[in-house]
Each structure stands twice: as C-alpha cells, then as structure tokens.
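Chemist: Read top to bottom, the protein sequences are chains A and B. Okay, so the first sequence: first residue is 1 according to this note's numbering, each after it adds one. Okay, so the second sequence: first residue is 1001 according to this note's numbering, each after it adds one.
No lab work stands behind these hints: they were computed from the structure. Hints may contain errors.
Unchecked claim - From the structure, some residues in chain B lie toward chain A, with a derived Cβ separation under 8 angstroms:
| # | residue |
| --- | --- |
| 1 | Leu1080 |
| 2 | Leu1755 |
| 3 | Thr1790 |
| 4 | Asp1797 |
| 5 | Gly1812 |
| 6 | Asp1817 |
Said to hold, decoys possible - BS3-like, lysine-lysine: derived pairs with alpha carbons at most 25 angstroms apart:
| # | chain 1 | residue 1 | chain 2 | residue 2 |
| --- | --- | --- | --- | --- |
| 7 | A | Lys497 | B | Lys1445 |
| 8 | A | Lys728 | B | Lys1815 |
| 9 | A | Lys837 | B | Lys1374 |
| 10 | B | Lys1728 | A | Lys445 |
| 11 | B | Lys1837 | A | Lys668 |
| 12 | B | Lys1666 | A | Lys832 |
| 13 | B | Lys1815 | B | Lys1374 |
| 14 | A | Lys666 | B | Lys1445 |
| 15 | A | Lys815 | B | Lys1728 |
| 16 | B | Lys1497 | A | Lys666 |
| 17 | B | Lys1668 | A | Lys497 |
| 18 | A | Lys837 | B | Lys1832 |
| 19 | B | Lys1815 | A | Lys232 |
Quick caveat, the model's predicted, so the values are computed rather than measured. Backbone N, C-alpha and C fix where the C-beta goes; we use that ideal spot for every residue, glycine too.
Number of protein chains: 2
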Amino acid sequence: MANKHVYFFGGGRAEGKGNMKDILGGKGAGLAEMTNIGLPVPAGFTITTEVCDYFYKNSRKYPLGFDKEVLKALARLEKLAGKKFGDSADPLLISVRSGASRSMPGMMDTILNLGLNDKSVEGLAKKTSNRRFALDAYRRFITMYGATAMGVPRVKFDDEFDEVKESRTRGRLGQRGGIIQDTDVNEAELAELIGRLKDAYKANTKKDFPQDPNEQLWGSIDAVIGSWMAEKAVTYRRVEKISGLLGTAVNIVQMVFGNMGDHSGTGVCFTRDPNSGKNAFYGDMLMNAQGEDVVAGIRTPLHLSYLEKTLPVIYKQLCNVRAALEKHFKEMQDIEFTIETGKLYILQCRTGKRSPMAAFSIAVGMVKEKLITKNDAILRITDKDIEGLFYPVIDPNIPKEELKKALFATGIDAVPGAASGSVVFNAKDAEAWAGQGKNVILVRKETSPEDVGGMHAAKGILTATGGKTSHAAVVARGWGKCCVVGCEDLVIDYEAKTMSVGKTVINEGDELTLNGSTGEVFKGGMPLIKPELPEAYYTLMKWADETRVLKVRTNVDTPYDAENAIRLGAEGIGLCRTEHMFFDTDERRLAIQSMIVADNLEAREKALAEILPFQRKDFTGIFRAMDGKPVTIRLIDPPLHEFVPHTENDQKHLAQRLNLPFHVVKRKIDRLHEANPMLGHRGSRLCITYPEILDMQVRAIIEAACECKAKGIKVLPEIMLPLIIAVKELSILVDRIRKVADEVLAANGAKVDYLVGTMIEVPRAALLADELARVAEFFSFGTNDLTQMTLGMSRDDAGRFLPEYVDEKKAGILKSDPFQSLDVDGVGLLIKLGIEKGRRTRKNIKIGICGEHGGDPATVKFCHANGFNYVSCSPFRVPIARLAAAQAALAETRKKGR
Amino acid sequence: MANKHVYFFGGGRAEGKGNMKDILGGKGAGLAEMTNIGLPVPAGFTITTEVCDYFYKNSRKYPLGFDKEVLKALARLEKLAGKKFGDSADPLLISVRSGASRSMPGMMDTILNLGLNDKSVEGLAKKTSNRRFALDAYRRFITMYGATAMGVPRVKFDDEFDEVKESRTRGRLGQRGGIIQDTDVNEAELAELIGRLKDAYKANTKKDFPQDPNEQLWGSIDAVIGSWMAEKAVTYRRVEKISGLLGTAVNIVQMVFGNMGDHSGTGVCFTRDPNSGKNAFYGDMLMNAQGEDVVAGIRTPLHLSYLEKTLPVIYKQLCNVRAALEKHFKEMQDIEFTIETGKLYILQCRTGKRSPMAAFSIAVGMVKEKLITKNDAILRITDKDIEGLFYPVIDPNIPKEELKKALFATGIDAVPGAASGSVVFNAKDAEAWAGQGKNVILVRKETSPEDVGGMHAAKGILTATGGKTSHAAVVARGWGKCCVVGCEDLVIDYEAKTMSVGKTVINEGDELTLNGSTGEVFKGGMPLIKPELPEAYYTLMKWADETRVLKVRTNVDTPYDAENAIRLGAEGIGLCRTEHMFFDTDERRLAIQSMIVADNLEAREKALAEILPFQRKDFTGIFRAMDGKPVTIRLIDPPLHEFVPHTENDQKHLAQRLNLPFHVVKRKIDRLHEANPMLGHRGSRLCITYPEILDMQVRAIIEAACECKAKGIKVLPEIMLPLIIAVKELSILVDRIRKVADEVLAANGAKVDYLVGTMIEVPRAALLADELARVAEFFSFGTNDLTQMTLGMSRDDAGRFLPEYVDEKKAGILKSDPFQSLDVDGVGLLIKLGIEKGRRTRKNIKIGICGEHGGDPATVKFCHANGFNYVSCSPFRVPIARLAAAQAALAETRKKGR
C-alpha cells in the first residue's frame, strides 16, 4: 500500500475533493471541498479510510510510514497556524473526529481542545487573557479524552463536576446558594475540578492523564480507528445494510472557539427551511458558546436573525457561504459554523435532513431555480417522503416524555400513519360504534374476511398475531388505514372485552392511539395531524409520470376506492378481488353462505343467482369509475371456509336463516376445514369443481360491461384466473369464460373487448409459463402467494421466525422481509424464468404484478428491469410506485449513458 | 391413402405379420403370425386400423376402393373354404370381431355365424345333418347381430327366449316340466324362437332382419368401426391414458364350430400355469360347445387332461401348438381353440395374464430354458407383481357375492394388502388391545404423530379424511401396513365409539376387514392369506441388482425397520426421521413436551439433556443394523405443535407432570397454533431459533457413532437439514453441526467420517442450488414437500379437488396424482434445474430423493435419467425401486443401442 494516507486542507487549498468520500469520509470530503471553493474552513488534515482498512487487514497495524505522514501534516498545520503543537506558551489546539463515508452512530465522536496539558493551559490562559476559558477548555478536553478515547464511563467525570458544584453549595469553597450552572463555576473551582478529573482518569485507566500532546494525538487516532469495529458500530452497519466501506477516516482540525466572548458564537443552520422547504435561511445559534453547549440544550438558542442584528458583517458572510454551498452542491445543506472573536469558520457541511413536504418543495424549487434538472429532482424523492405526505401522524409537538409514559405495547408497523379512538374487540361493535360517529380502534387476535366491515369502519386496527402481510395488514394497507399487527405481548379476552399487557388492562371503550409507522401503541387519545399535499408534490409527480415506462395500476375492490386510486394516479386496476364484495352487507353474506352450504348444483345455482345482481352492480360501479381504463378482475380466490361463520352461535343463526337443521350446516362447515388452507381448495380449483361460480361471475362482469357500454362508458375488462398450475386447467376455464361471455354479449347484441389471463402465483405456473402463454392473454404475478410457496413460508405464521431471518444482528439469512420487498434472488429468479418462457410463446404477452410488492420501490425497479408492462398496488402506494418507476427508468438511462 | 386396407390369412400364409399390431390390431396380428408359423388357424382377413382412422378423419366415409378390397378378400376366402357366402345350400359362415392394438372394453364384441338367413339355415341343416345345430346357430346370430351390431337391448331377445322356455313349461308347446336349459330347447321351439327374435328385431330397429349376407357383413363392419367412438370406449381410452392409436381393426374369419357333436369342443388354455408359473399346460374346455358357452359358465368346464384321454391326437396337436407358440413368442400364451368334428383350430393367442408369483417363475424359468435373456426377464416384471408378492390378501376363494354383501364403504387405497381385526377408535386403545394379543383396526377421522404408537400396534388403519400421502398413508406405507384413507362417507363418533355409513353402525370391538389394494372396507373378519416369496423372486432381483446403476436406500426410523429394509435389499438409509423417536414411549413424549413448553434456554436444555440418551440409543441401534451402510439422519422437522397434546384433558395431564399451572401450558400450546403449518415454523427454522435442539441431536448422532466405532461397527452418518431456503441459513447450521460434532469426536478421541447436507424441498432451494452446493455435501430431494409447494397443493387437503384434477373422465388436468408419481413436467423441471445448478458448483455432489416418490417406478426412471446417485423409499417399496432402477438402466442401454 504505497498510497497517500493523509490529505491536507487549509490556506484556501485542499489535497482532497468533495467526490472523495470513499477515502476521506463524508466529513473530510466536505472540509476539503469547502476549502477548495474558498470557504473559511479551519485548516487540518484527514487520515484516509484506507488506513483503517489496512489496520484491520494487517493485525491492527498501521501502514509503514503512516506516522511520518501524520507528523508531516501536523507540521504543515503548525506552519499555517503559526503555532506549535504542545507549545507551552501558545499551543496549537486541534479537534479529532471520526468520519466514514456515511454518517454512522456508534463510532467515536469528537475530541476537542487536544494539545492542552498542565503547562500549555497556562500559556493559553495568558495568550487569550482568559484563564477561565483556558481552564474550561482543559476541563472539557480531559473529560472528552477520558470518556471518548479511553472509554472511562462519562459519569465518573460528571460526578466530579457535580461534587465541585455541590461543595460550593455546601459552602466549602466559600460561596453559598443553590445548584449552580456549569458556566457559573469559577476559576478556582475549575482548577480544583481539573485535579479531580485527572485523578478520576487515573483511577479508571490506571495511567496518568497524558501530558504529551503526541501521546494524546495517537491515543485519539487509535480510538477513532478502534471504534470502527466497536460492537455498536458493527451492529449499526449490519442493521442498516451498510457494507463495502473501507473504514472510517480521522479528521484533525485546528480548534476554533465560539466561547471566547461576545464576538464569538456557534450555530447550526440549513440553507432552506427543512420543514416547509421554503428558500429561506434557517438556523439556530448561541453566542459565546462551544458546539457541545448547543447540543446539550442548556441555553435556549437564538434565531439567526439575532446574528443579522448583532454581527451584520458575519451574517452577510454566512449568507454568502449559504449561497456558495447551494450553488456548489446543488442541495440543501446543513452547516455548522463557529465565530471566533469576530471571525467566521465553517466546521462542517452536509446534505440537510428535511420533512417530506420540504423534500418536494426543495426539489421542485431547485428545478425552477435551474440549480438541478427535473430528473435530479425525481431521483431525490424517496418513498418515505411520499408516505410522509399522506398519512396522519401523532402531533409532533407532544413531548417525548409524555409519549414514553403512554406507551402500552409495541407491535409490527404494518401500515404507517396514526389513529386514535375507542377500543372495540369485534367487527360488529366497530361498525355499530362507528355508525354512532365514534372513532374506533378495532383490536383482534387476528382478522378474517368476516371482519372486513368492521375493519373498514375502524380508524385503526391492532392485532396480536400476524406479520406485515397478514390479512389485517393487507386489507388495511389497501385502504391506507393505520394498522399495527403481531403485537405478541397483548393478551386479549374477547369475553371480558379487555386486553392487557402485564398488569396494564385496557377495557372496551378506552381511548387508544396507534402509530402505524413505528408499531407503537399508546394509552389515551393523542391528537393527530394530517398534512395537506403541497403544490410541489403535483409538479414532481407529473415529471415522474412523463419519465416512467411502467404503468401503475391499483388493487381495489370498490367504486369508491377506484375513484380514490385514480386521484392518486392509478392507470387501471391490476387486481379487483371479487370476494370482498361478498361481505359488504348481511344480504350478500347470506347469499354466498347459502351457496356454500348448498348440497347440490340446483341449490348452488339458486344462491348464485341471488349474488349475481350484487356483483354486476359492483362491476358497473367500478367500470364507471375507471372509465375505459383496464380493469383486471380476479375470479373467486379464497377457500370457501373463509366465507362461513365459525362460532356455534353464528352457525345456528345461519341455519335458521337458511331454514336448515343446525347439524347439517355445522357438518358442512366442519368439512370445509383445511390443514393448510393456503395450499388447499381455493383459487381456480373452486371453478374446476364448481364451474357454476365462474359462470355467475363472468356473467356479472360481462353484463356490467354491456350495461356501461350502452351508456357510453368505455370498458376494458380483463378476467383473471387465480392459482393456475397447468395449461389444461387454464384452457378448460378460459373456454368456459369465453363461452359464457360470448353468450352474454350475443344476448345483449353487444361487442366488448375483453382479455382472459392468469395469475402466476404458484411456482409450477412460472415453471410452465411457456405452456400457459398459449392460452393466457396476460400474466399477473401474484407475488404474495408466489413468495409463500417459493420460500415455503406462510405469511401468517412467519412472525415466529422471520424476524430472526431478516435481522442482521441475529441470523440475517434473508436480505429483507420477503413479503415487503420481493425476494429477488429466489422468487425473482422464478419470475424471470416465467417471463422469459411466457414471451417465448407469446411475444407480446402483457405482464404485470399484483402482489403487495407492487408498491415497493425496490420491487418496482425489478419490474422495470425485467420488462413488466405494469405494477399494481394499493391506492396509497400508487404515488410511490409512480415515483419508483420513474427512478428506475432514469437509473437505466444513466447506466446506459455511462 | 393408397394403402392396402385388407390383409388376408389362410392356407398357411398371411399377408400380415405379428409385428403389425398397429395396423392389424392385436387379434389380427396374432392370427396372421399364427398362420405364418403354420398353426391351424381358420382363414379370414383383417381390415386395418387405418380404415377406422380414415373413416373418422373423412366425415365417416370409407376410403375409395375399400369395399372392393373387402369383396376380393371375401372371394378369396370363399375359394379357400370351397363355400359361397350366402349360398343357400352350403353357406360360408364368418365371425366379425373388433381388435385394436390393445385390448379395450367398451367396443363391439363378437358376431358369430354371420351369413345365415332363412334359406341358408336350412342348407346348413342339411349339410350338417343337424337341424337343431343350424337353427341354434341362426338364433345366436340374430341375437348377436341385433344386440351387438344394431344396439337393440339384449334383454329384448332374452325375453323372447324366456318366453319360449316358459311357454313349454305352461304346456302350450306340448311338453311339461320345470324351467329348462337352453340346450334342452328343441327344434320346433328354436324355429318358433327365430320368428320371435326377427319380430323383436323389427320392433326395435323398424327394419326387417337382413336376409342379404352382404348387408349383414357391412352392417357388422359399420358397427365395429362405429364402436371405436362409443362413449364407453372413448372413456376407457381416456382413463387408461391410451392415446396414439389409429383405431380398431375388423377381423373376419371363417366360422368353425365346437358344437357339432362329440368330436367337437372348445377351450381356453395357458402355455404355463398362470397361478404358480410352473411350466405345465393349463386349461379348461367344453365338449360340444361354442366359445360363448364357456364364458356363460352354464356347464362346468373340463380339465385339458380330459382331452388327452378322449382325443389324444388332438391333444398332441394342441401340445405342439403350445410349444410352437412359446418358442415363437417367447412368452406365456393364452390360447383359444375349437375342435370341429375332430379338427383343431386355433382362434386366438395373446400374452397370458398371470399371478405375481407366476410372473417371477415364468420369467426366471424362461431364462433358464434360454428362451429369453436376463434383461428380458427384468423388463417383464412390474411393480404390481412385486407388490402382489408381499402383501396379505383376502382369501381369493371367498365368493364375490359374499364380499359384495359385506361391503361397508369404499375409501382411497392408500397402502395395499389386507387386514382384519376389531375396531378401535383411538391410539391408546389400539395399543392396549394389541397388547392383549388382539388384531385391531384403528379407525380415526385423521391421524397425527401422537397416534403413531397405536398405528404401529394396529393391523390396519382406516381414516375418514386425507389422501394417499396424508399422515396416515405415509406412516402406514413406511411399515407396509394396510391402510385405507379418505373414506368420506364414514361418520365417526369418538365419544360413542361408533362409526356409521348411512344406517349401518359399527361399534368398538366389531370385526372389520380392509382391502388396502382397492380401498374397500368390509364388515366382519375375512380370512387372509399371505403368500411366501418364490425362489424366482430372489433370482430375478439379483439380476436386477447386477443391472442397475442407481443405489436404493430406505426411509426408516428404527433399528427393527432398518433390519427389515436390509432384508428387502436396502443399501443404506436415505431418510431417518428423528422426530418419530420422540413418540416411542411416554417418557420420551414427556421429555420432548417439556422441552417445547420450556420458557427459557436453561429449561429447554435440561429437557433436551433428558432426550439425548434416547436418541443416542436409537442411533446406536440403527448404525449397528446398517453396519457401515450410509445413514442419512434428518434433524427435527415437524412444527412443534405436532408434539404436544391438544385436548384439555391431555394438556392438564401434561401440566401436572411438568408441575406447571394448566393455563401456562395451555397458553404455550395455543401459541404454537399455525394457519398453515406446512409453511410455518418447522424444519431447519426450528434449529435457527432453537439451536440447542440441533446441538442435542448432533451430539446424540456423533456419540452413537463413536460408541459403535469403539465396538468395531462401521458407521457412515450423513446429517441432513430439512426445509433449507438460503445458503446463509445452511452455513450457519452446518458450521454449528461441525462444531458440535468435532467437539464430541475430540472428547472421545475418535475419528468418524460424516457428511453434512441439505434437503431440497422448498422451490427456493432448487432455484439457488448452486449456492447451497457450496456448503452442502449432498442434496436429498424431498419431493413430498417440494410437490406441495411447487403445486401450491397441501396433500392433506387435496382430497377435495385432486381426484377431479387427475380423473381423465372429468377435468384431467394432471397426468397422475403428483403425490404418487413425480410431476415430471413441473416439479421435475425444478429438480433438473437444482441438479444442474448444484453440480455446476460441486461437480460430484451426491444426489438422492427421499420423498414418497422414491418408490414409484416412473419416478425411479426419472431419477436414473437425471443422474441421481440413489433413491430412498419405504422398506416395502425397496424391491420395486430396485427393479425399476434396473429397468431404467436397461431402457437407456437399449435406447443407446438403437
């Protein structure tokens, strides 16, 4: 390794550059870049990440000659500063900071004032004519070096400080009064404190506090590099999936002091308002303070306007820095600055964090200001930004302590947003209470299709079991309704209508607040706020739509949701589940149940005839809402036992309504029980054994289409068969669909174009896609089931082990939750095979995805890359999919461009 | 189509040959071949199957010039016979028969005596000086032509015959007495009958009975060809998966008569004994009778030895025919012959059906006689032959009527053989009663691992639900124990200890007999017989073993079964399930249950420590039994809830034994409930979340290996991980296995070679086999689960729709039950991909199959063709697999040879 290990910056020039993050780290690259563009950065040098890398690859040794390079850079710094490191009269003081190419908690933080010792502290005192300042600096350095570099528990030093403060209170040091502030501690006390701190240092490290600045320096460098492999940092990188980094850099910078009097100060500012995104300078500062004081929150910070008033020249300078940085980085920047006796220094700059709303405003604003292109703007928005715009959130003004006190339990964050209301424990109560205008939270052990009415009525849903793609989560997500699932600590007692965690009991009617973005459940009703969509959102989404190739459809089952989805940008329906319609009213429920309980074809057909008008009405509404956009309707999918009641009482009620003996109804229902319903008698298997169901559904679809067409509404139905495994199965059903459809069309004298296709959601279907494409006019990958079957993993049961499988701290077997983001390695391989085989037979077969993954940005990118025609997702994820599709298109273009 | 449509045979020469079955049909080809080798076959001609094919492809028209060909052949026949067709003085009479290349019910059968009419019947009377004979021939012809060719219900003619017989009883025709036999009907009565039959013919066809022999001939040809597309025949071909045939041939043969007096007769014989396979002439005959009389069973047939005594010359001739046929066809033949006034005619020959025992004896016998090669012999044996040798069967001497009367219900034939005993309704009773020396039949709605003890104790198992690969079927098959499952009509009342079908009730203790080969369930205890294995079996299997390339292993869990499997030829254990061991005794059960209920690692490890000695003992026994043969041990696989009790009583009992509050045990067990246990927390997922289970099992395996090795027993353990889906998962567990194993070996100062590998039973594992092969030393395809997941089909639930899916009469979507015979198109594709990818990474990776399919001949052939190293199956299927492997090897050699 004959590389350069140390990069110097200062005097208006830097050896490094902004694009050298990989080896200088984010902080080092920022300092170099700012130096190069002429900003007032204190001089210093950066030890590269390659040193860290070498260190761990070579039994914790530094590269040959590295120490000489450091000393050389230090000498250069001394020359530039006109001070000597360790000089007892006028010492060069430095700060030492870690800095990888990504910000990363768990690594060693800052050490300030390095270079001070018992002698030079007096030199500094003389030189600054401020002994208190000098002692305070030394006190801080001993504490930081001891705690941060040497790993002495911080409390050991804080205890000493408290002791000193308390002893004054007790009068030992000659002054009386209450508890005093750090800033009130006087010189004598500081001197006493320094002695105590050094004693504490020795007691805990078995060594004297080092007086040799070089020893201090190397101790700090060792500590920074050692912290790269500290458990906390390693864990963080695992959890955040950060890999491929060489290590951390070490930044050594000349100290500047914001605490040297009234012309000194320090602050943090953003080049634009990080909340609204407005192009306005935004920041806080403290006069006569060091950075750590701002962080500690001891004094109330001042607005930047204070600076404008008191130090207008400095403010002007800072405004120039702001302009220069935005022009240079073309991004909103987060700046740390210090003013040392009337001179401005910029200590750090980085891309600033912002609210979702600000993300859009800034991106669009910068395009309008011609700072960036539309494409840049599109690439800057994340799915979290979009999500954050839509969901209500718990009022961010509520103090954290209050939230902490109210925390009742934590489950899995299934659908983001927040909800609050009164607790109910069954779907009927939810409907009834909501009917009375109450906000309710439906709490269930788990939900089933029978609960759908109550789920719809509730403001939020909480379940004790299930994962992110359990029934509750999937249904709630479809509506964008706040949902927390898998809250395993909950003990729910349906009879007593209570739930408890440990000794805390919540009764029916008690107020509860859910945070679906974090999985937290709070006692009491927290105030919620729902932001309005900014204009910039619409502008940016329009650009995204102009950019993307993939179409974005939605998964909805009702005209209401369809209209909503269109407003959110849906270009069609990719999945209209026909079975949710069966639960809409008691009447419908009864009709489907009598169909299921029917013993013979005749009785079944009679019951189906009752359902037909309902289905036709639903389809008519949906076609009208979609007005010519394609509507993919999936024929009946779930196993029949999902439609029937399972408690004795409900079964008795059903028997009564159907005029059948109870034992007949019970026996019929018992017989529907399945060991593994996911792999049971469902999907197209139902249409093979009960083709009359298919007949009814196709009739309803095509009759609705005829009705709409007669009224001048354009219709484009795509009839889809679920769970297909063989071409013969498909062709039997497709033939039957066409027969019924053509009969209806002939009877109505109408002509309606319709497609017939299949879901690919069973591995066998993907494997034999070439055969299926002979019959199917389109494929829609049902990645929910395809994932379950390809991984042999039931989404309802995976809660017991999947966390361990995706948790990098534990086994870390899968890259991410395969029900959230497509398992590209496994399921993705099968999908690619399916597409390749399908297109081999039918070149232009239309290909879409309608699983939950359709709204996941990474999956959307996969779909773009693999030639899908569209993705389909729940309405609330449509904007996310639109953006992700645009980003995928741009990423591809840029890749090709290279 | 300028082909030859008619093939003549007669006068010692035939235009066709024995290998022309495709166009002459089986019967026609046989007649031609026999003619060519000089056997006394009546002359005639065969209309080819191509005519039938042409007919259906050309709007039911015959090919041009076909009629002329027929007439030409007829003229040639007349010349050879010296008689004219339709001649009123001495008519040529012929038979017309269908005959495709495979025998096939549902098609038109035989028409005899064609050519007779009102005039020629008198000519025949004169010529034979036997008017009764002539009238009887005419009577038969009218009936057969009317019923068989014209579709008049047979009963219409039979009624007339009865009427005639009854009228004599009533004295109208001048004679008195009781009901009379056909043969007692006199000339006058026959003449009366002929009139009545012609009237009946007219009444039912609206036409006169045709007097023109040509019309009779063409009517019959039309009827034969028309019957090819009769519903029954079409269905039969679908069901039996017969396809690719052109159609049926039509055989027109000069009549010979066995009913022309004491020197006439007719019979059926086999060239060897079809029951024992002995090389002895075997057959039955009737003197003075026509073939249909033998079939009708009116007279008791005579043994061939009667012929030897009465007509020694004819007998000698017949013996010569027997020798000639065997020499020519090199197969045991089934021969129909007729003696017409002292002259022998052979009417038909075909490969004879035989008992399983005879199949072996004949094949081996013919090799010893140098008629065929060893390879021929191997290829002639079927899996059914082997099965038939091993299983007890209901005494075949029990009259069919008796069986029919006793039939109680019919389920799915899960495991062949028969069993009879007293009915019990739970596993404990089964064990208790069997302990008292009773034969019991265990009847359950469905079985679970908790029932295994009782299942083992029972002679046979009957369940109301489940398919051929349900728990009951799989476990029973492992033991070769008779099992009928999915007997859906059964209503079982566990409390009352009764079961019923309709109004028939069977109580606990009642005798019941199961026929696992047919799925029939009989009331009462039927006598059973169990055949002994013939010497020929061992000879032939030795040849098979010398021929095959694939190794055959077995799936067993106990030393007892292991020894049994070795006797049946197993070369190792391909699947030793470790969890069955947990149910063996109350003590073991309790230990595993307390492990599951344990709340923390410590308690779990304590419980595991109790299980360790049991497992070690089991493994020691198995290693000893296998003595150096490889033993693949699968670590724990089923979900934990399969190990715990589910009734409140049993849970209370468990709580008591574990000294825990009932609600704690209940809650723990309730929490184990899964929506889709097949896709849940099981397999290696258990070892990821509870690695201490893996530690215990590996320790037990390696300690057992050390113990055996110390005693000089060779051991070859192969540790196998189930349900693996990712290489990281695999490597975490493989590392842990090696760590524990190496610790144990070091502690014992022992060296034991062991392999670590993975099952491929989840689609993702097959898709990513290249990655898995980096870590796995062997792959074992678990085709049970792989099938379930690839087809999205739970074997426990498929009963509701799978019959429809595999039934060719209904949907016919799958070629066969995918749980019986590997779904080569779908699952097979995935397996091929897995092998190809696996071998890409690790060239010589050992590959096996351990699903139920390992014992299915078609699957064994697939495995041979795709480079598996071994198949593994239940002990009782080991011989079948050995044979199938040999056949696969031969088929490949022959294919290459071409």
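Chemist: State for each hint whether it applies.
Modeler: Going through the hints against the structure:
At a threshold of 8 angstroms, the smallest CB-CB gap from Leu1080/B to chain A is about 51 angstroms, leaving the interface hint violated. For Leu1755/B, the interface hint is violated, since its Cβ never comes within 8 angstroms of a Cβ in chain A; the closest pair sits about 22 angstroms apart. At a threshold of 8 angstroms, the smallest CB-CB gap from Thr1790/B to chain A is about 5 angstroms, leaving the interface hint in force. For Asp1797/B, the interface hint holds, the least distance from its beta-carbon to any beta-carbon of chain A being 4 angstroms, beneath 8 angstroms.
Taking 8 angstroms as the C-beta contact cut-off toward chain A, the hint placing Gly1812/B at the interface holds, the least distance being around 7 angstroms. Checking Asp1817/B against chain A: minimum C-beta separation of about 14 angstroms lies over 8 angstroms; hint violated. Our distance criterion of 25 angstroms between C-alpha atoms is broken by Lys497/A and Lys1445/B, whose separation comes to about 35 angstroms. Annotation: proposed proximity of Lys728/A to Lys1815/B holds, straight-line Cα distance about 10 angstroms (limit 25 angstroms).
With a C-alpha separation of about 44 angstroms, the suggested pair Lys837/A and Lys1374/B falls outside the 25 angstroms cut-off, and the hint is violated. A hinted pair counts as satisfied when its Cα atoms are at most 25 angstroms apart, and Lys1728/B with Lys445/A does not qualify at roughly 33 angstroms. As the CA atoms of Lys1837/B and Lys668/A are separated by approximately 47 angstroms, the hinted pair breaks the 25 angstroms bound. Taking the CA atoms of Lys1666/B and Lys832/A, the gap is near 46 angstroms; set against the 25 angstroms cutoff, the hint is violated.
Taking the CA atoms of Lys1815/B and Lys1374/B, the gap is about 32 angstroms. The hint is violated against a cut of 25 angstroms. In summary, the hint linking Lys666/A to Lys1445/B is supported, as the alpha carbons are separated by about 16 angstroms, within the 25 angstroms threshold. In summary, the hint linking Lys815/A to Lys1728/B is supported, as the alpha carbons are separated by about 10 angstroms, within the 25 angstroms threshold. At most 25 angstroms may separate the alpha-carbon atoms for a hinted pair to count; Lys1497/B and Lys666/A meet this at roughly 21 angstroms.
Restraint check for Lys1668/B and Lys497/A: satisfied, since their Cα atoms lie roughly 22 angstroms apart, inside the 25 angstroms limit. A distance of roughly 16 angstroms separates the Cα atoms of Lys837/A and Lys1832/B; the hinted pair therefore holds under the 25 angstroms criterion. For the suggested pair Lys1815/B and Lys232/A, the alpha carbons sit about 57 angstroms apart, so the restraint of at most 25 angstroms is broken.
Hints 1, 2, 6, 7, 9, 10, 11, 12, 13, 19, counting from the list given before, are not met by this structure.
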